[in-house]
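When you line the sequence shown up against the numbering used here, it's residues 9 to 322, in that order.
Calculated from the structure, these hints are not laboratory results.
Among these hints, one or two may not hold up.
Said to hold, decoys possible - Lysine to aspartate or glutamate pairs mimicking DMTMM-like chemistry, simulated, CA-CA at most 20 Å apart:
1. Lys250 x Glu265
2. Lys68 x Asp214
3. Lys216 x Asp109
4. Lys206 x Asp309
5. Lys72 x Glu174
Note that this is a predicted model, so its numbers are computed, not measured.
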Amino acid sequence: MAAREKKSPLTNLIAGGTAGFMEALICHPLDTIKVRMQLAKNIPRNAAGANLSFVGVGMKIVRKESPLALYKGLGAVTAGIVPKMAIRFTTFQFYKDLMVDKNGTPWKLNNLWAGLLAGVTEAVLVVTPMDVVKIRLQAQRHSMADPLDIPKYRNAAHCAYTVVREEGFGALYRGVGLTSLRQASNQAANFPTYHFLKGYLQRTQDIKELPGYQSAIIGCISGAMGPLVNNPIDIVKTRIQKTPNPEGLGGWARFKEVNGAILKNEGWRAFYKGVTPRVLRVAPGQAVTFAVYERVSSWLDTNSDTFKLTATAK
Numbered sequence: 009m010a011a012r013e014k015k016s017p018l019t020n021l022i023a024g025g026t027a028g029f030m031e032a033l034i035c036h037p038l039d040t041i042k043v044r045m046q047l048a049k050n051i052p053r054n055a056a057g058a059n060l061s062f063v064g065v066g067m068k069i070v071r072k073e074s075p076l077a078l079y080k081g082l083g084a085v086t087a088g089i090v091p092k093m094a095i096r097f098t099t100f101q102f103y104k105d106l107m108v109d110k111n112g113t114p115w116k117l118n119n120l121w122a123g124l125l126a127g128v129t130e131a132v133l134v135v136t137p138m139d140v141v142k143i144r145l146q147a148q149r150h151s152m153a154d155p156l157d158i159p160k161y162r163n164a165a166h167c168a169y170t171v172v173r174e175e176g177f178g179a180l181y182r183g184v185g186l187t188s189l190r191q192a193s194n195q196a197a198n199f200p201t202y203h204f205l206k207g208y209l210q211r212t213q214d215i216k217e218l219p220g221y222q223s224a225i226i227g228c229i230s231g232a233m234g235p236l237v238n239n240p241i242d243i244v245k246t247r248i249q250k251t252p253n254p255e256g257l258g259g260w261a262r263f264k265e266v267n268g269a270i271l272k273n274e275g276w277r278a279f280y281k282g283v284t285p286r287v288l289r290v291a292p293g294q295a296v297t298f299a300v301y302e303r304v305s306s307w308l309d310t311n312s313d314t315f316k317l318t319a320t321a322k
């Protein structure tokens with residue numbers, strides 16, 4: 009079993025990239041709804057004055073901007089998915105392999121610390137600039153069904169170019185500290201929970217490889233842990249990344265400004281705006297990610313000798 013747990017970087021790249029792409033394709037609409045709810049200064053309401061649920065917000069977007077609007081920012085996400093997932097799974101294994109004593113015995117809580125460090129690494133290298141571009145695209149309230157309703161940012165590449173041109177390269181790293189904290193807490197909860205449940209199911213069923221549906225279920229459970237804990241961080245991060253910083257405030261000053269404005273104008277409950285769609289976005293996303301990752305990596309491991317023989321024959 010131990011040999012199967014240690015994946016090669018190439019396996020992590022292919023399996024993680026495939027898993028990430030499927031996650032984005034299936035779950036991105038929920039992320040768009042989450043961002044709209046987090047950016048709203050007031051609770052979205054319907055014509056009768058009642059609070060809109062995440063389903064109601066989604067229907068409002070579809071009605072006013074077309075169904076395609078739920079996929080705003082998808083290009084930015086898919087462009088970063090392969091390196092993000094490759095970095096996540098590869099660095100998790102790398103840090104985990106470092107956390108052993110001189111006898112090769114793993115440290116206690118090594119899954120937690122490896123997940124935390126993997127989260128920070130992916131946040132700095134990929135997630136922060138990807139999030140800035142994604143959020144700018146998702147925040148645009150234009151109709152994709154109306155060719156005359158021209159948005160400021162046409163696509164992910166144009167958005168990144170425009171942000172750098174108007175605000176400088178550093179704008180792509182706005183909120184990097186909070187993003188790192190969010191990703192670190194996500195993965196520090198995600199990986200330990202997943203591997204604990206995976207090991208438990210393997211022992212109780214006396215099997216080496218879980219069925220796909222079981223990987224999906226425990227992936228969903230592990231994925232829900234992070235958002236329930238760090239939604240306030242995600243709210244402040246989203247607000248910081250959505251808007252320019254004309255005063256040129258430093259990271260901590262900007263954090264205090266945005267955090268104080270939310271408390272003063274909207275109250276503490278605003279820090280949990282979008283938590284439902286975020287859980288519903290991240291938890292199924294992790295279900296897809298782990299199920300696809302386990303399936304693809306298992307297939308690659310099983311067929312690795314065939315690939316080597318084919319390459320030798322050529």
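Hint by hint, here is what the structure shows:
no., hint, verdict
1, Lys250 x Glu265, "14 Å, holds"
2, Lys68 x Asp214, "49 Å, violated"
3, Lys216 x Asp109, "26 Å, violated"
4, Lys206 x Asp309, "19 Å, holds"
5, Lys72 x Glu174, "29 Å, violated"
Against the hints set out earlier in the document, violations occur for numbers 2, 3 and 5.
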